[in-house]
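Enquirer: Chain A is fixed; fit chain B onto it per the hints.
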Amino acid sequence: MKTIEMDREEQQRRLLQEYIFDLEDIKEKAEEITIAHEKLKQSQDLVMAVLGSTTHGICLIRNRTFVWCNKAFTDILGWELEEIIGKTTEMIHPHIGEDEKSNIIYDASHNNKLIMHEYDLAHKDGSHVTCLVTGRLFDVKDPSRGHVLSITDFSERKRMEEELRKHRNHLEEMVKERTAKLQTANERLHMEINERRHVERALKESENWYRTIFENTGTATVILDENTTIILANDEYERLSGYTRDELESKRSWTEFVVKEDLNRMMESHKQRRIDKKDAPKSYEFRFRDREGHIKNIFLTIDMIPGTKRSVASLLDITERKKAEDALRESEERFSKAFRASPTPTIISTIADGHYLAVNEQWCQMMGYSRDELIDHAAYELSIWAYPEERNALINNYAERGFCRDELIHLRTKSGEIKDVLCSAEIISHKGENVILSLFHDITERRRMEEERQALQERLYRAEKMEALGTLAGGVAHDLNNVLGVLVGYSELLLLKMDEASPIRRYVIDIMKSGERAAAIVQDLLTLARRGVQAEAVVNLNTTIMDYQKTPDFKKLFSLHPKVQIKTSFETDLLNIMGSPVHLSKTIMNLVSNAAEAMPNGGTLNIATRNQYLDRPVQGYDHIREGDYVILSVSDTGEGISTPDMNHIFEPFYTKKVMGRSGTGLGLSVVWGTVKDHNGYINVQSQEGKGSTFTLHFPVTREEIARDRISVPVSEYMGHGEFILVVDDVEGQRELATRMLMELNYRAANVSSGEEALEYLKDHKADLIVLDMIMDPGMDGLDTYKRISEIHPKQKAIIVSGFSETDRVKKAQMLGAGAYVQKPYIMEKIGLAVRRELDS
Amino acid sequence: MEIQKILVVDDDKPISSYLQRKFAKLGYTVYVAEDGEEAVKQAFSNRPDIILLDVKLPKMNGIEVCKQLKADETTKSIPVLMLSAKAQSFEINEGLEAGADKYLCKPMSFPDILGEIRAYERK
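These protein sequences, in sequence, are chains A and B. Under our numbering, the first residue of the first sequence carries the number 1, and numbering increases by one thereafter. Under our numbering, the first residue of the second sequence carries the number 1, and numbering increases by one thereafter.
Since the hints were derived computationally from the structure, they do not count as laboratory data. Quantities reported herein were computed from a predicted structural model and do not represent experimental measurements. Please note: incorrect hints may appear among the correct ones.
[Claimed, not checked] When the alpha-carbon atoms are kept at most 20 angstroms apart in a straight line, the in silico DMTMM-like pairs for lysine to aspartate or glutamate are as follows:
| hint | chain 1 | residue 1 | chain 2 | residue 2 |
| --- | --- | --- | --- | --- |
| 1 | B | 25 | A | 24 |
| 2 | B | 22 | A | 24 |
| 3 | B | 22 | A | 325 |
| 4 | B | 56 | A | 18 |
| 5 | B | 22 | A | 22 |
| 6 | B | 13 | B | 37 |
| 7 | B | 59 | B | 37 |
One chain only, chain A, in its complex shape:
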């Protein structure tokens, strides 16, 4: 109960507090209003007092109607207050209050300016009062609140002014008259006094005075009479002319000292000066002739002596200065001419920030800018320095030595091309300021040509190297081939003869396989030697790649590199090329296996083909001629090839691989040889760590692919007891061929040279001769065949060789020899060739 009461009391106290504060607040505001009101009233009273006592008539008009006016207003116009208030403004003036542009109210409301006009306002008595009327908006923000007009009675003042002026004029005239008279008298008096004094002084001082000035000027000075006689001359003039004073004064005319060409001009001035000295030049240059006849350049200053017809002239010998000036001007002209006409791009620029002060035409041409685009612009504004640090280096150079010679710098032309330029520069003085004179020598073209020449040389060198290596490899291959022929051939024969269950059969198989592998290497060498590739079949690379992808080799390769991902992109209508399918397949295989091996940690291997027409030669690793090409590219994302390695990658046995672990060291050499045999080109792009791309260009053929040859069954090439003579200088080969032929049901004999063959055939007849092309010593295959033909015209023969000596083989074939069979001997190959030749 008590608590509730307490709460109520507390509540009441709180409310009371608010009331009290409210009350206080209201009271305070009321007081403020009272004070403000008081102030306003005071101010109003003041305004009214001012308005009432002023002699300016003031009124307030709204909608062309008088709302209020002061006493002066009614006084000026003669109206009573009641007669004006509520009336329109027309009663005092027809133009006040109209909405015309010329009218005062209009101006006031539109410009909010104090407008002043002079109007004749209507007085109550019908007369006019000239008033100065000003008008202004009562409230600028609200024109509807009307205008305040102020009128000032002007008529009285005007009249007063008029009278005053008249009065004043009269007075002034009188004063003027008197003053003028006085002044004239005064002036006359002054003049008389002055003249007398002047003459006196002149008489007294002139002689001494002039002499003093004369002798002390330091320049040759003369006083001349109107008739050009020299009246006075000073020491300096004596020295200049070569005459003594006595010889000069009153005896000689100055005209004697003037060269003929300058005389007329000077006589004109001489006369003119005496008519009006303002029209004659005060100074000029002329050529002076002294007593000895020496010509001197003289700068002459001349003036009249006041009040006389005499003149005083000072002569300054400027011969030396003129010479120096001429020399300087000539030198400047020469420089300027040389600068402009120089075939060397030349500029003058400031040291501090490289502003161009002068540039010649050659510089403009070199940089592609016009002169206007350069002058007064700084090199950095135009980004002319390709490497601004080069400029800093040059500036340091100047600072140290004052010049630089043939520094290689790089400049950017307007078109953005970077030029290699040799710069020679020197600090010279130009208009009193140190600036840089720079001469440039554009060596961009020379460098480019040099680089091109070097690239060409490198390519040539590479080609020659490959050629030389090829010859070497070819020689080795030939000898090895003969050796291998025996190995492979006999092991094949052995297997034929051997019992199927023989325990040593697998050794023979191993021998044969090793032999075959060796033969494959030899085949590579031959490819490299480029004697053995017959690019005669029509091939489509898409097919070749797809065939290769089906081979066990391919599958094996990617089981060894499981992390390598293969992507292929084939051009659907890939054109055909002329080529050797076997070698092309090998080329693809080599490139793919290289690519896979370049990515031991996995990556993407891309095989792509496309047709491409090159309309101009391409400079790359190879120089590729224009034409239609089928492009084969194999790329990897592997280790890449270092620049030094790049020059050797196609060389045989230049391998980065561990010898024996994979490859023969001939992979890329074979690729190179194959491409060259196909009249194709190779391009290699590689970046270390990023991968390599091999791009092969093969010229296209428009021939269609021939139908696949159906493999021939053995029965097709079995012999029917015909007699064959084998001619070969290598015993093993000879024996092998003989045995193979006998195996195929031929009768066979052999001889070891061409000479022996001839001897043998004198009394024997052979159905066919198997003739080795290269035999040493003695006759080779061609010569042998020629001689045999003499004994047995139309003698049938086939030619065998380790590699194709095409020229000689073709000659033999033209004489009648048949097919050419490449070693090593394989029974099917030789059997088929023999059979066909016999049946032909």
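Expert: Coordinates of chain B only, in the frame set by chain A:
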């Protein structure tokens, strides 16, 4: 002592704003807090020369505010004038025990309040 800064603590907006206006007109710098926690915060941050403190406040009442300020070395010297509608003698005692320098009971006119402030200025 010189008084320039006054902290007015009252949750009744008409009262606090009236006091603020009146004191400001007289040239004082006036801070207003509408609850107890704010009052303590401002007492520390603004360092008023005197505090007019209502007792019934949200968050923390005036008694507690006073106790805290008087317990701290930096604020204990600031005079605290309690201005409350609680006018029972035990309530007044409670306020004074909490450390208030003066206990004023609402309602009070502004001149009376000013008089109290002036009294401190003269000390």
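Enquirer: Give a verdict on every hint.
Expert: Do the hints match the structure? See the list:
Only pairs whose Cα atoms come within 20 angstroms are accepted, and residue 25(B) paired with residue 24(A) is accepted, the gap being roughly 14 angstroms. Under the criterion of a C-alpha separation no larger than 20 angstroms, the hint pairing residue 22(B) with residue 24(A) is consistent with the structure, at around 10 angstroms. Pair hint residue 22(B) plus residue 325(A) does not hold up; C-alpha atoms about 90 angstroms apart against a cutoff of 20 angstroms. The straight-line distance between the Cα atoms of residue 56(B) and residue 18(A) is roughly 15 angstroms, inside the 20 angstroms bound, and the hint therefore holds.
Restraint check for residue 22(B) and residue 22(A): the C-alpha separation of about 12 angstroms stays at or below 20 angstroms, so the hint holds. At roughly 17 angstroms between alpha-carbon atoms, residue 13(B) and residue 37(B) fall within 20 angstroms of each other, so this suggested pair holds. The hinted pair formed by residue 59(B) and residue 37(B) meets the criterion: a straight-line CA distance of about 6 angstroms does not exceed 20 angstroms.
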